[in-house]
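Asker: Here are the chains, one letter per residue:
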Amino acid sequence: MVEALLDGLLRVLQPNALLYMLLGVFIGFWVGILPGIGGVTTLALMLPFVYGMEPVQAFAFLLGMHSVVATTGDLTSILFGIPGEGLSAALVLDGYAMAKKGEAGRALGANLMSSLVGALVGAAALALAIPVVRPLVLSFGSPELFMLTVMGIAFIASLSGRGARGLARGAAAGALGLLLSAVGQDPQAGILRYTFGQLYLWGGIDIVPAVVGFFAIPEILDLMVRRSSIAASVPTGRLVGVWEGVKDCFRHLGLTLRCSVIGAFIGIMPGLGGGVAQWMSYGHAVQSAKTPEERERFGKGDVRGVLGPGAANNSKEGGALIPTVAFGVPGSSAMAVLLGGFFLTGLVPGPDMLTKHLPVTYSMVWTLALANLVTVALCFPLLPYLARLTTIRATRLAPFLLLLVFVGAYTANNSWGDIVVALAFGALGYAMVRFRWPRAPLVLGLVLGDLAERYLWISVARYGWDWLGRPGVVVLLVLTLAVLVYPFLQEWRERRTAQLLHREVAHAD
Amino acid sequence: MTRTVLVAAGILFALSLASGVGLAQAPFAGKTVTVLVGNPPGGGYDRLARVVARHLGRHLPGNPTVVVQNMPGAAGIVAANHLYHVARPDGLTLGLFNQNMVFGQLLQVEGLRVDMRKWQWVGSVTRETDVFVIRADLPYRHILDLRRADPPLAVGATGPGSGSYDFPLVLKAFLKLNVRIVSGYPGRSDIMLAIERKELDGVAGSWSSLVSFVRRGLVRPLVKTPSDNPELKEVPSDVDLVSEPTAKAVLQLHAVPNRIGRPFVLPPGVPGELVRAYREAFRSLANDPAFRQEAERLGFEVVYTPAEAVLRVVDEVLNSPPGVVRVFKSFFRFGE
Amino acid sequence: MRTEGKGRLGEVLFAGFLVAVGAGAVLYTGSWPLKAALYPRVVGSALVLASLACCLLAALDRGEKRAAAVELELDSDLPAPVVRARTLESLGWIGGFLVAGWLVGLIPAMVLLVLAYLRWVGRESWWFTGVFTVGTWAVLEGFMVRLLHLPIPTGVLTSLVVR
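Protein chains in written order, with this note's numbering: chain A, 1 to 509; chain B, 1001 to 1336; chain C, 2001 to 2163.
Just chain A, with the same shape it has in the complex:
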């Protein structure tokens, strides 16, 4: 195995492969930043060029492009509060808040560093998983996937506010999200649920325009009303630097690594999709706060809220490669396109990739690692300049932000329906922010609801009720209860400490 590892590295370092990788990185850089061009569509565009290439070169190009998109797509989330690639929404919560506090540079630095860590963990996961890939993937059946989605939904409790009112708001938001995810054709009986005759809604509400509108529109509206710059509340106008962010990543290395693992793990399961990874890691990051006060800092610019999703976004790509390479089953829509790359270069994804063509597989691992290293090296010098964008007057920025949002929404599926959805969710998001309702639970519900329903019915249809006794299910159930109960526990502990202190003070008098 070690020889294959080295062999793979040598192949990637061939001048041809390196050049293709750099070309891919260059293209991916722009794709992530610019609206309208999605990573998956660009991969599909680039695919035909791969015909006839050597496998290592082909994947150096494709993966080089693909792995960078996840990193640069995060930039607009942090700078402008506009989720890039639609999957960087969790970053908006704390990343944009940091930008508003004048800490855009710090957020960008933290994000870049955690993206790198995540990517490396994802690549390592791919490398290490190869000997154990079968038992790993195969131990997670539909019942376990159901429990996993339920666990994700349980994070709603942590992302709500405190006290009865806060929890009620979070619960309502979550329930609304869960309900909205039921729109579309039902997978059991084929009934068109809540589509009201609209063809557009057959497939349900598309997450990307919904999330983009939900987060970006209230923020842009706020900007247009305030008319100051994004980082206006900073009195002296000095921005906190990028290095601070890098140091943050290492200060919280444990969290970053844990979220990378979460991302890689979720990436392995095709059905869970990319949206789940960032929110689960965000929920985990929030839970890592030791006291309820600390928890309150999230959403207002806590760097940990940037580190978690930043890492998970990148590590999930490494995870998604695992089923693609080992089973020929694409772990994400980008991987579905990548499969075409296998066919065009004459490879058959599957067990052969783990035996006969092991060096090619390892070359993919190295491509992931190297492409991200190159990206980080290239982006770093740019960050301070990017951070300065937050000092530009809102009136100069607003039209372009609107462009990012609406052109991006339309070109995703070539549909006005997406613009309507973005607007509708924008209105909803604005109302929720106005009344101080948490938005994250709604997104969690929207992303996970449909999946939870599907896996529940599959589990029952396939296993009757026996699946409740499966060890994996029991473990996940316990974890879910822990996730659910944790915020209450924290609360109770804090009140006890306060009571004890109070009593001590009373005694002392």
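In case anyone wonders, no lab produced these hints; they're calculated from the structure.
Glycine included, C-beta positions come from ideal geometry on N, C-alpha and C.
Be a bit skeptical, because a hint or two may be false.
[Unchecked claim] If you only want the chain C side, here are some residues facing chain B, beta carbon under 10 Å, derived:
(1) G2142
(2) R2146
(3) L2148
[Said to hold, decoys possible] Result set (DSSO-like, lysine-lysine): computed pairs, CA atoms no more than 30 Å apart in a straight line:
(4) A:K101 / A:K300
(5) B:K1248 / B:K1176
(6) B:K1172 / B:K1118
(7) B:K1198 / C:K2035
(8) B:K1329 / B:K1172
(9) B:K1329 / B:K1118
(10) C:K2035 / B:K1118
(11) B:K1198 / A:K356
(12) B:K1176 / C:K2035
(13) C:K2035 / B:K1329
Based on these hints, arrange chains B and C on the given structure of chain A.
Answerer: Leaving out everything else, chains B and C in the frame of chain A:
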């Protein structure tokens, strides 16, 4: 100042006339042809559209650039409606839709505002076959062995309206197979993984999407819709396995779109000479060795079906006897 | 800290609206088979209960201080009338942009937006406005349409005229 403006306007006007003149000589010279696909990127239709796009330009007079645009939604209905009613019939937009869309019209699916007979069909360059496969390590060798399957075979599906649901359903009913359909998987990928981990025992789908798994030895085909594909020679066809005439007719009806393959269309209203140019181009494309090789690598079976044949098939479907349609409706829906 | 009266009413109405949505969703599942109806009914009922709770708590105005969520805050130092006026104006810009996009196509609408917004709201110089307007047009038309062939809608009126 006024003079400058007038001169500029004059130049612009002349330029626009010039490009108009160019139009008469080589219809596609300097233009961009768009292939509109009713599916998202990464799937089989998208892949086909892109490989066609890469080679088609060479076969059209004037060698235009050919690009692909995705317009997913409602299993292709959104794109079909758009091409039919909204897109300009200037011959620069070609459509590639779900081959089952003719069933959408037969079953009178709400929202489909297209008459399949009025398309100007260009033809198709691939042919499809649907197969039902089971995990290779299962002991059943012949499809009819599944009548005595114990425990019942678990067949995975995404939902009613998809081939993974409807085809096993009709096979189960007509061949009296002991199978259970487990529906709700988010996508084909999830079904294949479930087969790997033995949560599922079988799945139905198009040959081009399952071929890599068969070749790899994960699954084994047990029954197919009628096809000349040499790789499937040994596999019995579903039509041959039933004797009751209505059942036979329903299965044949189901297999009809496979004879169309994945069809390309132009909207009504496109001038006849452009339609003819496309038809010729597709004919020569199907014989283009570079195209054939690339398409075959991607798992497609390259067979040219001319427009007249496609139209005949469409007519055949839409003129099916109501008795057959009634039974058909009880199994098959139109969906993703 | 008591929330201002107007905000409270708004929240009560909003929560009330959600109660209606949840109830409506549950009722709408009336004729569906169980397999399709179970999930929406469960979730819809949860929505009704949670929103009712929010509605009551908002009406009684209890626990606002601690309810601060993991969220962005739309606070502002500007006086409320100014905020209201500017919000409406901004909504007007966004709405106008989209309507224009629908009528004449997104690219002309975008160019117009940049031109109009920079000049009249931003009060930028003609020079500045001009540069960015032309730049926007170049990127949209030259890069996105000509080079990448991205699908950008051309507008209802335009297609009527050109036909």
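Asker: Hints first: check each against the structure and report whether it holds.
Answerer: How the hints compare with the structure:
A least Cβ separation of about 14 Å between G2142 (chain C) and chain B goes past the 10 Å threshold, and the interface hint is therefore violated. The beta carbon of R2146 (chain C) is positioned within 10 Å of a beta carbon in chain B (closest approach about 9 Å), and the interface hint is therefore held. The closest approach between the C-beta of L2148 (chain C) and any C-beta of chain B is roughly 9 Å, which is under the 10 Å cut-off, so the hint is satisfied. Note on K101 (chain A) and K300 (chain A): the hinted pairing holds, with a Cα-Cα distance of about 9 Å set against a maximum of 30 Å.
Between K1248 (chain B) and K1176 (chain B), the direct Cα distance comes to roughly 14 Å. Compliance with the 30 Å bound is thereby established for this hinted pair. With a CA separation close to 36 Å, the supplied pair K1172 (chain B) and K1118 (chain B) exceeds the 30 Å bound. Between K1198 (chain B) and K2035 (chain C) the alpha-carbon distance is near 25 Å, which keeps this suggested pair within the 30 Å criterion. Pair hint K1329 (chain B) plus K1172 (chain B) holds up; C-alpha atoms about 16 Å apart against a cutoff of 30 Å.
This hinted pair checks out: K1329 (chain B) and K1118 (chain B) have alpha carbons roughly 24 Å apart, not beyond 30 Å. Under the criterion of a C-alpha separation no larger than 30 Å, the hint pairing K2035 (chain C) with K1118 (chain B) is inconsistent with the structure, at around 39 Å. Distance check on the hinted pair: K1198 (chain B) and K356 (chain A) sit about 25 Å apart at the alpha-carbon level, within 30 Å; holds. Distance restraint check for K1176 (chain B) and K2035 (chain C): the Cα-Cα separation of roughly 24 Å lies within the 30 Å cut-off, and the hinted pair is therefore satisfied.
Distance restraint check for K2035 (chain C) and K1329 (chain B): the Cα-Cα separation of roughly 21 Å lies within the 30 Å cut-off, and the hinted pair is therefore satisfied.
This entry does not satisfy hints 1, 6, 10, going by the numbered hints stated previously.
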